[in-house]
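**Student:** Produce the complete structure using the sequences and hints provided.
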Amino acid sequence: MNKQIILSVKDLSVSYGNINAVNGITFDVTEGQIVTLIGANGAGKTTLLRAVSGLIPYEGTVSFSGINLKGKTPHEIISGGITHVPEGRAIFGTLTVMENLELSAWVVKDKGIYRERLRHIFSLFPKLEERKKQLSGTLSGGEQQMLAIGRAIMTGGSLMLLDEPSMGLSPLLVKEIFKVILDINKSGKTILLVEQNANMALHIANYGYVLETGKIVFHGSKEVLSGNPKIREAYLGV
Amino acid sequence: MKNKLNRILMLAMAVSLVLISTAGCSKKDSSVKAEADVIKIGVIAELTGEIPAVGASCKNAAEMAVKTLNDSGGLEVGGKKMKIKIQIEDNAGRAEQAASSAQKLITQEKVVAIIGPNSSGGAIPTSEITETAKIPMITPWSTNPKTTIDTRLGKPKRYAFRACYLDSFQGQVLALFAKNTLHAKKAAILFDSSSEVLKGQAEVFKNTFEKNGGSVSAYETYTQGDRNFSAQLTNIKNSTPDVIFLPSYYSDVPLEVQQAHRLGITTPFLGSDAWASSELLKLCGKDCDGYYFSSHYSASSKSPDTIKFVKDYEALYKNTPDDVAALTFDAFGIVFEAIKAAGSAESEAIRNAISKIKGYHGVTGNISFTGETGDPVKGVVILEIKNGAFNWYTDVNP
Amino acid sequence: MDLLKITGLTHYFGGLRAISDFELTVNSGEIYGIIGPNGSGKTTLFNLITAVYRATSGSILFKGTEITTMSSDRINALGIARTFQNIRVFNGLSVLDNVRVAQFNKFQYNILEALFNLKSFKKDEALVTERAWELLKSFNLDHRAYDLAGTLPYGLRRYLEIVRALATEPSLVLLDEPAAGMNQVEISKMIETVKDIRNKYGVAVLVIEHQMSLIMGICEKLKVLDFGVTIAGGLPKDVRKDAKVLEAYLGSEVMD
Amino acid sequence: MKVVASAKKLAVPAILLVGCALSCSVSNSNLVDRYVELVVMYVGINFILTLSLNLVNGYMGEFSVGHAVFMAIGAYTSAIITVKVFSLSLGPWIFPLAVLTGGMASALAGLLVAIPSFKIRGDYLAIVTLAFNMIVKSIIENVDFLGGPRGYLGIAKLTSLVWVFFFSFMALWVIRNFVYSNYGRGVVSIREDETAAIIMGVDTKKVKIMTFMLSSFFAGVAGALYAHLLQFISPKSFDILKSTEILIMVYLGGIGSIAGSVLGASVYTVLLELLRPLGIWRMVIMPLVLVFLMIFRPKGITGLREFKWFIPSAEKKIKLFKHKV
Amino acid sequence: MRLGLSYLIQQFLNILQLGSLYALIAIGYTMVYGVLSLINFAHGDVFMLGAFIFFLAALWLKLPFIPALIVTVCVTVCVGVLIERLAYRPLRNAPKMSAVITALGVGVFLENFTLALSPYPQHIPEIVKNRAWVMGQVTVSSIQTIIIAISVTLMVILDFLVRKTRFGMALRAISWDISAVPLMGIPVNRIISQTFALGAALGGAAGVMYSLAYPVIDPYMGIMIGWKAFISAVVGGIGNVRGAMTGGFILGTVEIAVTMFLPSTYRDIVAFTLLFVLLIFRPHGIFGTARSVKL
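Chains as they are written, first to last, in our numbering: chain A, 1 to 238; chain B, 239 to 636; chain C, 637 to 892; chain D, 893 to 1217; chain E, 1218 to 1512.
Derived from the structure by calculation, the hints contain no laboratory data.
This one's a predicted model, so the numbers in the text were calculated from it and none came from an experiment.
Hints may contain errors.
[Claimed, not checked] A short, non-exhaustive set of chain A residues, derived as facing chain E with CB atoms under 10 Å:
#: 1; residue: Asn20
#: 2; residue: Pro74
#: 3; residue: Glu102
#: 4; residue: Ala152
[Claimed, not checked] Cut-off 27 Å, straight-line C-alpha distance, at most; resulting in silico cross-link-like pairs (DSS-like, lysine-lysine):
#: 5; chain 1: B; residue 1: Lys520; chain 2: E; residue 2: Lys1346
#: 6; chain 1: C; residue 1: Lys742; chain 2: D; residue 2: Lys1098
#: 7; chain 1: C; residue 1: Lys742; chain 2: D; residue 2: Lys976
#: 8; chain 1: D; residue 1: Lys1097; chain 2: C; residue 2: Lys699
#: 9; chain 1: A; residue 1: Lys111; chain 2: E; residue 2: Lys1279
#: 10; chain 1: A; residue 1: Lys175; chain 2: A; residue 2: Lys72
#: 11; chain 1: C; residue 1: Lys880; chain 2: A; residue 2: Lys175
#: 12; chain 1: C; residue 1: Lys877; chain 2: A; residue 2: Lys222
#: 13; chain 1: C; residue 1: Lys755; chain 2: D; residue 2: Lys1011
#: 14; chain 1: C; residue 1: Lys742; chain 2: C; residue 2: Lys759
#: 15; chain 1: C; residue 1: Lys699; chain 2: A; residue 2: Lys230
#: 16; chain 1: B; residue 1: Lys556; chain 2: B; residue 2: Lys578
#: 17; chain 1: D; residue 1: Lys1049; chain 2: B; residue 2: Lys348
#: 18; chain 1: D; residue 1: Lys1011; chain 2: E; residue 2: Lys1313
#: 19; chain 1: B; residue 1: Lys372; chain 2: D; residue 2: Lys1200
#: 20; chain 1: E; residue 1: Lys1381; chain 2: A; residue 2: Lys133
#: 21; chain 1: E; residue 1: Lys1381; chain 2: A; residue 2: Lys109
#: 22; chain 1: B; residue 1: Lys624; chain 2: E; residue 2: Lys1313
#: 23; chain 1: E; residue 1: Lys1346; chain 2: E; residue 2: Lys1279
#: 24; chain 1: E; residue 1: Lys1279; chain 2: B; residue 2: Lys556
#: 25; chain 1: D; residue 1: Lys1098; chain 2: C; residue 2: Lys755
#: 26; chain 1: C; residue 1: Lys877; chain 2: A; residue 2: Lys175
#: 27; chain 1: B; residue 1: Lys395; chain 2: D; residue 2: Lys976
#: 28; chain 1: C; residue 1: Lys742; chain 2: A; residue 2: Lys230
Note that CB positions come from ideal geometry on N, CA and C, so glycine has one too.
**Tutor:** Here you go:
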């Protein structure tokens, strides 16, 4: 396997006012892998993802496939190949399922690719096809998460940032979603997964970073992290 | 941080105080120097705000009046030719700005008399200030009776004059005109209820008309800024009047008349002095043909003064002077006449001379003051709109 | 004695059931924990108790008084205060004022006394200010008392929120994820703080938390919510062994 | 120490006394031009208006756009009193009473906006205040007793520099006391987070009623001073344009700050006079100045900071800090 | 007779004309509010500019109606976009109220700038030959027909645009949650500019039609109608395009109905009192919904 680094983050810091939400973080994501960032609420995970996709200003460098992303607009970054499934899903409630998907195809110019991806999404989530005319605000939590992931697939790109996909979902649904994430990964996408559900995240990930108050405190392969007693106590509840 | 704000605040206050006073002082110096051979008159006009057209006419006529006089060598005062200088201030159509304009003209510009403001809302507060400062003021256009009367004491103000007739007189003339000349038995009225002038005209018309045996079949209103009168006109149409009295500003008249025609109303309209602007002809086109209205003056009058005024004004400003322009011109004429008669440019002398003016030949007819009030004795002109022009129809003198 | 007694509490958002048939009894001076995955209805429960939302059905009794239909400020006056998951201190007020404003119900002076700066106003203000200082001192916030709350670091704002809640002189405090975003050292400090709230101020605590160390460290009783449904309850040591809880909250260990 | 304390106690009455004496002598001597004096009086009246609107829009964070209506109610009420009483020749000492009555009437009207504000917020509340402005203006136009569109006449010139100073100072002192009391803190807590405020026991209904009433009280006072300065009031003086003018002064100076109101009212009023030589272009330049100011100082001139004289001594240590609203 | 059928039909036509003009302008307010939560107080003045540009196009360039309309719309679009760029974009992250005050300032600037150039009201020449058809006691004029037809067409097109096109979806997405929109790869700034362009286009078109119906124009004509259109937008539920349309027709109906049944002097009192009452019962307008706050 060609182990190329696709995303490289160096000394990334973000502050809101005087508060440092992220404090000098450095990490890499290797192509084709699932990398997870775990940590409690407020540890800075979401901020980190928002910085990577250009939504908030930051210090330090983020490069994607060797291209420095600093100063680029989210629009440029997204069309450059990074997709971001935000925390809380952020689907557009007043739009139908189909409209949500169509909208996320903004950067897709080719009709053929659009149809191809649509088929792919509906094969992953047959439920979405059943509900494609329904207002997305009326979907259940799990369906909304499917739609959010579906949108990211539609946008395309080689790296997918996933922010807490398991939030508010029943265990059964969480399993289903994580299975889909694995599938997506197998289809060739690199995934950067932010999760609170450390057990599940480490279960599917190749590599993990542990965040605490804006800093990385541990990192390692999933075996290393799962074996670390401190992490087991703090995050795995065992 | 605190100190910085401290400094900003102190600085801002100091700067603004210094600025106002120096602005005042520098003017004072120059006026002292120039006082020897220049008479300064203040003009307060509605250059911005709700009736900018009135202000524009007033400003044009004022500049023309002064230019004409100065070009002819100036005004002879006590054997010496003196030039007139005017200072024009904007009151934005608002009472407080009219007051500060007046105060500024009096205390800083040291004017001997003030022409304006035209709207009663500005003229009344201004008259209070000129009364205290003992400076004569002539409002060209404010027809509100209270402009020249001190309501508290119930007697006329000493320093407030006007160049126009009163609303009550005009309203009576129009009601009688509708009754006797137009032979109307039923009249409908549509007016701007937010305008003190127009509401006054409507009320007087209604009272006089009913007193003389007529009936008012519809009494409809709108407020300033309205452009759609269809609902009111539909009501009027249903009341089948013989005449529709329309005390409306000339900018509204075309809309009302056109909308009436679109609704199939054929009843003739009758207007007041608020119609009197050459703009009306442009705005209204053929729609107003055959209607009568009252005015302060007629641009088609055969009087030589009027003919010259209209010619000069058209040459300068490329449009026919409206009544505000004519009245402003006359107001200046009255002041010049008074200065000449008094042989002095002192405010008190001017005031006394104005109150004694008899039979001044103005653009708007003969103007006399009784000496008791600031209201002139002068006639109403009734005009007919015909073939895109205002034609003199009749004069009604008190 | 039952301080808070909730029976049959159910709430719907649109057609979605956020919480259903919830039962809870908190005794005076007790520390009670509520856990469950994100979105399982824990914060909704707090919002129902403090009347941010109105319950679809069920009843909430506090000190024997029905508070289900009461307004939020009355409920607070009765003795329930809370903190918020995503800190909601008044950023535009100073730290001191955040604590003083929470004593709104404790003021005796009327509006005229305030407007004209009369004696009773000054006396009351002095008392309230003193109380605020005491609270700030005991939570080590006094050195930042004059700063705007919006300028405090994250951790201190969490404490400020707790101080603000205590300033209302409650007999029950609802803490919504007090240790979110904290590391182990900070969590142990928070554990001490929560214990203090009960021991020093005699206030019962109902706490939502994901940090197991905090929950296990302080809670005398636990309730586990999943999808708005109570799936387990009882003593912490029993709950953590419950299979359903492990499955729902901690995530199943094995995946196929 | 004791001397200092008692000196502090006397500071407020002392400033008031000295200020009154000073303004009295200034207006009776010819030290200051009448024009400057008039402009200063406008500044004072505008300051009261700005400060009173700042209470609602700045401190409480609502968006009231019809503030001129309260001015109108104060103006008409006080004018009716003085005109009726003066016809009985009862003497000018009735004037402060008339001003206060005008304020009270206006405060009662404030209740009419306060009550809908429990349910209606933001832009919808803005429309409620706007509608209220239009309704009252239309009522005045239709009531002959109030002079209709012709305006109310016969008002004596009772407003002098002394009274303007006195009421400006009272407005400043009273509103300062309010802002630094628990009510004031409650007001700011509503702006910052209304839900949190009510949960933390702030009686938001009471606070809203107090704030709207106090705000409209002082707007009424300003209206009364205005009426007795210009001796003429008509519905047009209190239209939506007047309301807009007050709004502009509030945001120009800076919200949530007494210093902001002082600066907003003086800069606006003085600038309007200073730009007079520009004639018709004055009203073109004025809004441009405003737009540039907002772009370069989006939080107004003071930007949420307060001038230290306006902070009670007990509160002085509170650090001033720019922050986002 | 007063309330005869033909009278009612006549008044109904009046309502349609007035209501559709209010609705067209209200849409401009509501769309900008949807994307930026900003009350664009300058919109009434863009409408006024539309009338003036139409006047110039008709008088100076001697253009017939349709080309004059197109020229007007193009110019107002430029003005709308320029206002957004110069006055609002620098304040995108500033407190919301600063932008509102800036909008007020821009409005006053436009009014007085126009006034400085043209102090007298202007008359629009009769570009469209007006004909009146009389049917019994009902009179229908060609201008009335044109206004209603064009307004309704524009509204149908806009409704289609908002509901069916990608631009419309982006618009609705932005009003729902602006923060997530960039993540779809959508250039938010461009959409906002386009929204301003569209709003200004509708404002300009409304200006043209307004000046057809009421051919006297002056620099302050946008103030009152602007406020009324804004009220319409709020009544409908601000941010909602269909709400703005409904609100416009409701305001038109109320204003005319009051004149029909009560002395017209009471029109403002009754109309605004009704508005007051409506907001008490529906604090978020007719189509508006409260956004729940996450605690």
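**Student:** Give a verdict on every hint.
**Tutor:** Okay, the hints, checked on the actual structure:
Checking A:Asn20 against chain E by beta carbon gives a least distance of about 20 Å; that is not within 10 Å, so the hint is violated. At about 3 Å, the closest approach between the beta carbon of A:Pro74 and any beta carbon in chain E falls short of 10 Å, and the interface hint on this residue holds. With a cut of 10 Å, the hint placing A:Glu102 at the interface with chain E holds, because the nearest CB-to-CB distance is about 6 Å. For A:Ala152, the suggested interface contact is upheld, since its CB lies about 8 Å from the closest CB of chain E, less than 10 Å.
Distance hint between B:Lys520 and E:Lys1346 is fulfilled; the C-alpha atoms sit about 17 Å from each other, no more than 27 Å. Taking the CA atoms of C:Lys742 and D:Lys1098, the gap is near 15 Å; set against the 27 Å cutoff, the hint holds. A hinted pair counts as satisfied when its Cα atoms are at most 27 Å apart, and C:Lys742 with D:Lys976 does not qualify at roughly 46 Å. Straight-line distance between C-alpha atoms of D:Lys1097 and C:Lys699 comes to about 25 Å, which keeps the hinted pair within the 27 Å bound.
In summary, the hint linking A:Lys111 to E:Lys1279 is not supported, as the alpha carbons are separated by about 45 Å, beyond the 27 Å threshold. A C-alpha spacing of about 35 Å is found between A:Lys175 and A:Lys72, which places the hinted pair above 27 Å, so the restraint is violated. For the hint pairing C:Lys880 with A:Lys175, the CA-to-CA distance comes to about 15 Å; that is within 27 Å, so the pair holds. The hinted pair formed by C:Lys877 and A:Lys222 meets the criterion: a straight-line CA distance of about 24 Å does not exceed 27 Å.
Only pairs whose Cα atoms come within 27 Å are accepted, and C:Lys755 paired with D:Lys1011 is rejected, the gap being roughly 35 Å. This hinted pair checks out: C:Lys742 and C:Lys759 have alpha carbons roughly 13 Å apart, not beyond 27 Å. Between C:Lys699 and A:Lys230, the direct Cα distance comes to roughly 42 Å. Violation of the 27 Å bound is thereby established for this hinted pair. With a C-alpha separation of about 31 Å, the suggested pair B:Lys556 and B:Lys578 falls outside the 27 Å cut-off, and the hint is violated.
Taking the CA atoms of D:Lys1049 and B:Lys348, the gap is near 23 Å; set against the 27 Å cutoff, the hint holds. Under the criterion of a C-alpha separation no larger than 27 Å, the hint pairing D:Lys1011 with E:Lys1313 is consistent with the structure, at around 21 Å. Proposed proximity of B:Lys372 and D:Lys1200 is contradicted: the alpha carbons are some 45 Å apart, above 27 Å. The straight-line distance between the Cα atoms of E:Lys1381 and A:Lys133 is roughly 13 Å, inside the 27 Å bound, and the hint therefore holds.
Annotation: proposed proximity of E:Lys1381 to A:Lys109 holds, straight-line Cα distance about 18 Å (limit 27 Å). Between B:Lys624 and E:Lys1313 the alpha-carbon distance is near 56 Å, which puts this suggested pair outside the 27 Å criterion. With a C-alpha separation of about 15 Å, the suggested pair E:Lys1346 and E:Lys1279 falls inside the 27 Å cut-off, and the hint holds. Under the criterion of a C-alpha separation no larger than 27 Å, the hint pairing E:Lys1279 with B:Lys556 is consistent with the structure, at around 21 Å.
For the hint linking D:Lys1098 to C:Lys755, the alpha-carbon distance of about 22 Å falls within 27 Å, and the restraint holds. Between C:Lys877 and A:Lys175 the alpha-carbon distance is near 21 Å, which keeps this suggested pair within the 27 Å criterion. Simply put, B:Lys395 and D:Lys976 have alpha-carbon atoms about 21 Å apart, close enough for the 27 Å limit, and the pair holds. Restraint check for C:Lys742 and A:Lys230: the C-alpha separation of about 46 Å exceeds 27 Å, so the hint is violated.
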